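Trainee: Spelled out from the first residue to the last, the chains are:
Protein chains: 2
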Amino acid sequence: MSEPSLPEQIANELRRDILRGTLVPGAPLKERDRALEMGVSRTPMREAIRILSQEGLVVLRPARSPLVADPPLSDIMDHVIVLRALEELSGELACTNATEEDLDKLRAINAKFESEFYTADRLVSFETDMSFHMAIARASHNYALADTHRSFLARLWRARFLTSTRRRNRQTVLEQHAALLDALCRRDRAALKTAFDAHLGHLADDIRKVFEKEQT
Amino acid sequence: MSEPSLPEQIANELRRDILRGTLVPGAPLKERDRALEMGVSRTPMREAIRILSQEGLVVLRPARSPLVADPPLSDIMDHVIVLRALEELSGELACTNATEEDLDKLRAINAKFESEFYTADRLVSFETDMSFHMAIARASHNYALADTHRSFLARLWRARFLTSTRRRNRQTVLEQHAALLDALCRRDRAALKTAFDAHLGHLADDIRKVFEKEQT
DNA sequence: CAATGGTTTTTGGTATACCAAATTTCGAAA
DNA sequence: TTTCGAAATTTGGTATACCAAAAACCATTG
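In order, the protein sequence lines correspond to chains A and B.
With full-length UniProt numbering applied, the first sequence corresponds to residues 1 to 216, in that order.
With full-length UniProt numbering applied, the second sequence corresponds to residues 1 to 216, in that order.
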């Protein structure tokens, strides 16, 4: 098992801070201060910031401090649209390419998700949610697709995290995951597409609601 | 007009060398030597290499020299599959979102492509080809989509470049571009999807042929 | 008091120095 | 002659030093 590199570790830490809200959207990320604060030099800190920029969590400005990203609703919706296309393609390919091991893995993740539902804190449950979707993408056996899909999930991380506040949403997600898993096991392309549409339509609605509520 | 940053300039230069074949696939990119050679320090050279790795033109190995990428045929085909999905989505969105200016721009690029057809060298004609596809993606008015699309075009750059050798292919491309433009101007989703399928199916066939021929 | 211009400070970009891991080289032993 | 291992070298990773551009501050002036 290879340890993550120093820049990746730093990126992970910053990412958690951003998702948890310790670093608020719009705040500048002064690389010197952050580096000192975390006991590393500017070089790996710079690389970490590039990683997060690639994930859309921070925005770079030439010759200025990078900012914690604060994308407008329209941007997020654009991402959801692309994510839907990517997930539908994943599903289609997975219906023909998924092995039994792939399906077993999915079933295991889904079981974990269900068992965590009542106990785990949001971030943990949320990461299991993510890994479920990534496992479907990987079942397509198309690495380029899985990688791009992962990148879009990451970009929507914060928005999705915000929508996971309410228990009711998480209940719906539970049912939708079951529907996805069932359709894939039956290798039923049409049902899988329908399930993805429902899932992402629901996500889009939730995000819209959160944005409206935030408009205070 | 903002000048590209130093790392971007370096990345551009390296990219040309890779596409032109000056840097052959599989060759190591020693950052110290390259930096010295180009009269810059290692820091921006490192960043440039990260950019190219993000584009899939070089592969990073922990604690080892990065290599010029040499993807197997299956990898490239995976990329074509995703590119098709992205272009179809672009087309669909562009049919509703494209403005008249967008269409004018496309017409202009297409005219440029036609006029260059007999005169320009491969790389120039090729870049016009790329810009045509990127302009369609931008006409979707979905920035995330256009950006991802651009990234996939870049990853397929070398493979596409290799297929552009034969005049006959380029003739076909000319006709297919006309079909794409026509369908989009008529805002005919179905026709546009058909045209994209034909275009990318053709591309996949060509790449396969080039790989078979290279198998010497 | 507000506006302006110049000076100081802050901060990202680049170059360089240093370190540790990986590779290569080369000689000793079987 | 071949093989194995230790020393030397190469090379990516990290820390630091330096520079130029941007921002903040402040005094001067209308």
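Some hints here could point you the wrong way.
Here are the simulated SDA-like cross-link-like pairs (lysine to any residue), alpha carbons at most 20 Å apart as the crow flies [stated by the list, open to error]:
id, chain 1, residue 1, chain 2, residue 2
1, A, Lys-30, B, Glu-47
2, A, Lys-30, B, Thr-43
3, A, Lys-193, B, Glu-47
4, B, Lys-30, B, Ser-41
5, B, Lys-193, A, Lys-30
Since the hints were made in silico from the structure, they are not lab data.
None of these values were measured; they are calculated from a predicted model.
Trainee: Take the hints in turn and mark each one as holding or not.
Mentor: Hint-by-hint comparison with the structure:
1. Between Lys-30/A and Glu-47/B the CA atoms are separated by roughly 19 Å; this keeps the pair inside 20 Å, and the hint holds.
2. The straight-line distance between the Cα atoms of Lys-30/A and Thr-43/B is roughly 19 Å, inside the 20 Å bound, and the hint therefore holds.
3. For the proposed pair Lys-193/A and Glu-47/B, the alpha carbon gap of about 40 Å is over 20 Å, so the pair is violated.
4. With a C-alpha separation of about 13 Å, the suggested pairing of Lys-30/B with Ser-41/B holds against the 20 Å cut-off.
5. A C-alpha spacing of about 46 Å is found between Lys-193/B and Lys-30/A, which places the hinted pair above 20 Å, so the restraint is violated.
Violated hints for the displayed structure, listed by number in ascending order: 3 and 5.
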